[in-house]
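Listed below are the residues making up each chain.
2 protein chains.
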Amino acid sequence: MRPPTIRDVAERAGVSKSLVSLVLRGSDQVRPEKREAVLRAARELGYRPNAAARSLSEQRTRTVGVLLNDLRNPWFVELLDGLNSLLHAGGLQTLLADARLNRRTGQDPADPLLDLRVDGLVVVGTLPGPAALGAVAERMPVVLAGAREPVPPGVDQVAGDDEQGARLVTEHLIGLGHRRIAHLAGYGAVGELRRRSFEATMRAHGLADRAVVETGDMTEEGGYRATVRLLSRPDRPTAVFAVNDITCVGALSAAEELGLRVPHDVSVVGYDNTSISRLRHLWLTTVDNAGHEVGRRAARFLLDRFERPGGEGRVHLAAPTLEIRGTTARPF
Amino acid sequence: MRPPTIRDVAERAGVSKSLVSLVLRGSDQVRPEKREAVLRAARELGYRPNAAARSLSEQRTRTVGVLLNDLRNPWFVELLDGLNSLLHAGGLQTLLADARLNRRTGQDPADPLLDLRVDGLVVVGTLPGPAALGAVAERMPVVLAGAREPVPPGVDQVAGDDEQGARLVTEHLIGLGHRRIAHLAGYGAVGELRRRSFEATMRAHGLADRAVVETGDMTEEGGYRATVRLLSRPDRPTAVFAVNDITCVGALSAAEELGLRVPHDVSVVGYDNTSISRLRHLWLTTVDNAGHEVGRRAARFLLDRFERPGGEGRVHLAAPTLEIRGTTARPF
DNA sequence: GACAGGTTCTGGAACGGTCCAAAAAGGGGC
DNA sequence: GCCCCTTTTTGGACCGTTCCAGAACCTGTC
Numbered sequence: 001m002r003p004p005t006i007r008d009v010a011e012r013a014g015v016s017k018s019l020v021s022l023v024l025r026g027s028d029q030v031r032p033e034k035r036e037a038v039l040r041a042a043r044e045l046g047y048r049p050n051a052a053a054r055s056l057s058e059q060r061t062r063t064v065g066v067l068l069n070d071l072r073n074p075w076f077v078e079l080l081d082g083l084n085s086l087l088h089a090g091g092l093q094t095l096l097a098d099a100r101l102n103r104r105t106g107q108d109p110a111d112p113l114l115d116l117r118v119d120g121l122v123v124v125g126t127l128p129g130p131a132a133l134g135a136v137a138e139r140m141p142v143v144l145a146g147a148r149e150p151v152p153p154g155v156d157q158v159a160g161d162d163e164q165g166a167r168l169v170t171e172h173l174i175g176l177g178h179r180r181i182a183h184l185a186g187y188g189a190v191g192e193l194r195r196r197s198f199e200a201t202m203r204a205h206g207l208a209d210r211a212v213v214e215t216g217d218m219t220e221e222g223g224y225r226a227t228v229r230l231l232s233r234p235d236r237p238t239a240v241f242a243v244n245d246i247t248c249v250g251a252l253s254a255a256e257e258l259g260l261r262v263p264h265d266v267s268v269v270g271y272d273n274t275s276i277s278r279l280r281h282l283w284l285t286t287v288d289n290a291g292h293e294v295g296r297r298a299a300r301f302l303l304d305r306f307e308r309p310g311g312e313g314r315v316h317l318a319a320p321t322l323e324i325r326g327t328t329a330r331p332f
Numbered sequence: 001m002r003p004p005t006i007r008d009v010a011e012r013a014g015v016s017k018s019l020v021s022l023v024l025r026g027s028d029q030v031r032p033e034k035r036e037a038v039l040r041a042a043r044e045l046g047y048r049p050n051a052a053a054r055s056l057s058e059q060r061t062r063t064v065g066v067l068l069n070d071l072r073n074p075w076f077v078e079l080l081d082g083l084n085s086l087l088h089a090g091g092l093q094t095l096l097a098d099a100r101l102n103r104r105t106g107q108d109p110a111d112p113l114l115d116l117r118v119d120g121l122v123v124v125g126t127l128p129g130p131a132a133l134g135a136v137a138e139r140m141p142v143v144l145a146g147a148r149e150p151v152p153p154g155v156d157q158v159a160g161d162d163e164q165g166a167r168l169v170t171e172h173l174i175g176l177g178h179r180r181i182a183h184l185a186g187y188g189a190v191g192e193l194r195r196r197s198f199e200a201t202m203r204a205h206g207l208a209d210r211a212v213v214e215t216g217d218m219t220e221e222g223g224y225r226a227t228v229r230l231l232s233r234p235d236r237p238t239a240v241f242a243v244n245d246i247t248c249v250g251a252l253s254a255a256e257e258l259g260l261r262v263p264h265d266v267s268v269v270g271y272d273n274t275s276i277s278r279l280r281h282l283w284l285t286t287v288d289n290a291g292h293e294v295g296r297r298a299a300r301f302l303l304d305r306f307e308r309p310g311g312e313g314r315v316h317l318a319a320p321t322l323e324i325r326g327t328t329a330r331p332f
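Line by line, the protein sequences give chains A and B. Counting in the UniProt record's numbering, the first sequence runs from 1 upward without gaps. Counting in the UniProt record's numbering, the second sequence runs from 1 upward without gaps.
Just so you know, these hints were derived from the structure itself, not from any lab. Don't take each hint at face value.
Same chains, same label: a pair holds when it works inside one copy or across any pair of copies.
Derived SDA-like pairs: lysine to any residue, alpha-carbon spacing no greater than 20 Å straight-line [said to hold, decoys possible]:
(1) Lys17 with Arg314
(2) Lys17 with Asp115
(3) Lys34 with Ser275
(4) Lys17 with Pro49
(5) Lys17 with Leu56
(6) Lys17 with Asp209
(7) Lys34 with Asp235
Input sequences plus hints: build the corresponding full structure.
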């Protein structure tokens with residue numbers, strides 16, 4: 001009653017197990033009638049290869065582990081899509097693990113993937129334990145996707161170009177005629193990069209002294225509170241650039257509650273082009289992070305390293321695009 | 001340079017591989033000093049057990065496959081959380097596979113999980129190919145979670161109680177004083193159940209002739225259009241119960257665009273308690289599906305079947321709760 | 001000091017594949 | 001029909017574990 005093995009197939013087809021193995025791996029060194037017999041037997045028995053046995057013998061799993069940092073953030077879905085398309089073409093499976101779900105259990109979230117001996121690892125989002133990753137990278141290709149962090153040697157990195165994205169936003173606002181522009185900053189490497197680029201762009205346009213930065217916590221609540229502070233100032237900004245969409249939604253609520261109309265009285269911009277920003281009720285102007293391209297590039301890096309292991313860690317920044325929707329307009 | 005095996009550990013500790021195996025599986029039939037030596041050797045070598053070898057030998061993987069139907073719908077995250085907490089306590093790993101991502105590749109999305117010989121399968125959301133599932137269910141425990149569908153024999157089923165949820169909403173609205181109530185219906189088993197229950201509840205309160213049903217497509221756009229139609233009627237309803245949150249957001253936009261204030265002029269209710277409904281800018285009254293409880297119960301069913309395989313498929317409906325927020329009030 | 005009975009430890013056979021060296025079969029040419 | 005060469009097929013070792021039967025080692029008793 002156990003699943004059929006290659007030996008069951010061999011017996012039914014009247015050949016040796018080695019020949020079955022040969023056929024199933026697509027060898028052309030097999031006479032057509034035998035091949036047919038084997039394939040028929042396999043079909044009739046409903047044979048499925050045992051991945052464990054195969055990877056034990058082959059010393060590889062043809063599987064790439066994807067370590068997600070938090071399933072609740074849906075921005076990675078496009079990334080996965082891009083990643084999968086290329087990896088699958090290369091004959092590789094992907095296996096998902098959610099760091100957040102496994103963290104509470106105390107162990108390193110990558111452990112299950114490592115025990116499975118995945119051939120490579122894609123870490124999506126912020127790193128779990130950077131130290132542990134270094135040891136892993138010595139054993140298999142590792143790519144960090146969708147985040148900008150200091151990374152152990154030999155680890156590739158792919159992410160959206162936050163500097164360019166923040167510049168696109170800032171120049172869009174300046175181009176519309178805004179001068180007094182606020183930024184709701186976030187934390188971490190990403191928050192840092194976006195803020196810096198906002199400030200640099202303002203400076204480049206001679207608006208350094210009109211730039212305001214309020215620090216939030218990348219939540220709706222934080223965006224709301226920071227915006228209330230901002231818009232209550234006597235010299236209130238005419239535009240607010242939020243570090244992400246969710247913060248931007250908070251800003252939107254604040255503006256509305258203060259009786260300001262968006263985008264008539266104040267423009268707001270988000271970042272990430274999440275599904276929230278696409279709700280017609282919000283319709284946020286935002287930045288698309290080119291998640292698909294990030295995923296594809298991560299796959300490319302991984303495949304490259306399978307062919308030529310070792311070498312320096314590379315970095316690729318995907319070009320983001322501005323999604324102009326309903327929350328930005330000329331001032332007044 | 002290959003990862004250390006149990007034999008490397010044995011050699012370093014000066015014992016046999018069998019003893020190492022014994023120690024690592026936590027046997028108490030081992031003298032403390034040997035145990036110490038083995039553990040030290042394992043630690044020093046950075047030994048990690050090879051999951052493939054282990055599952056080949058043990059004939060089980062201690063792993064449960066979770067087949068997600070679409071990663072883009074975040075409603076399953078809580079379910080996973082509940083599932084994981086119990087499974088992990090039972091010494092089981094979970095492995096995620098996204099049906100939508102793998103579908104394009106042509107093969108059955110469950111295949112990778114089956115090749116890995118997972119010990120059980122949780123299908124989250126709508127079924128992939130119901131036929132294929134039947135064959136799978138003969139080999140391993142299968143639970144369908146978070147969806148209501150006809151299911152092959154021997155498959156357990158856990159989901160939120162849609163009838164009860166729809167009744168909670170309808171009675172909440174009636175209790176507030178609403179009489180002319182509309183329902184924006186969806187499709188599929190879930191859409192059907194919610195609509196039926198809405199109608200039944202209205203009937204039970206003698207309001208059968210005040211109930212209106214518009215059919216949407218479970219998207220924001222569909223909700224928007226259906227609501228425009230509804231609210232332009234001369235006898236416009238004072239409350240709208242949408243089949244899900246996203247449809248409800250569409251309804252909100254429509255109301256706003258028609259110059260109606262929510263909840264003053266019209267109440268709206270969603271379903272699913274998604275993160276969208278919690279945005280303070282929307283703050284939808286909605287129904288929480290008890291995802292955590294659904295996940296826990298699915299794990300329970302699975303664990304039961306590991307202990308006593310076979311038997312009829314069971315069904316459990318988790319009790320939903322009403323989340324009253326800002327979009328419902330007394331009429332006028 | 002031999003023996004019984006328990007505790008600890010070990011070698012070897014699985015598990016289900018892949019891969020390799022060698023065996024068997026086939027095909028010409030004489 | 002025999003020999004040689006190529007194509008096709010096969011048995012067996014191996015991958016890293018677990019598990020089992022039995023070996024080796026204690027400890028206490030007579």
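Tested hints:
In the homo-oligomer, the alpha carbons of Lys17 and Arg314 never lie at most 20 Å apart, since the shortest distance is 44 Å inside one protomer and 41 Å across protomers. In this assembly of identical chains, Lys17 and Asp115 lie within 20 Å of each other by CA distance solely across copies; the values are 19 Å between and 29 Å within a copy. In this assembly of identical chains, Lys34 and Ser275 lie within 20 Å of each other by CA distance neither inside one copy nor across copies; the values are 53 Å within and 57 Å between. Taking the closest pair of Cα atoms, Lys17 and Pro49 come within 20 Å of each other only inside a single copy of the chain (13 Å); across copies the shortest separation is 28 Å, beyond that limit.
Proximity of Lys17 and Leu56 under a CA criterion of 20 Å is satisfied in both settings, with 17 Å inside one chain copy and 18 Å between copies. Proximity of Lys17 and Asp209 under a CA criterion of 20 Å is satisfied in neither setting, with 77 Å inside one chain copy and 71 Å between copies. For a Cα distance limit of 20 Å, the shortest separation of Lys34 from Asp235 qualifies neither inside one copy, at 84 Å, nor across copies, at 74 Å.
Violation of the numbered hints given earlier is confined to hints 1, 3, 6 and 7; the remaining hints are satisfied by the structure.
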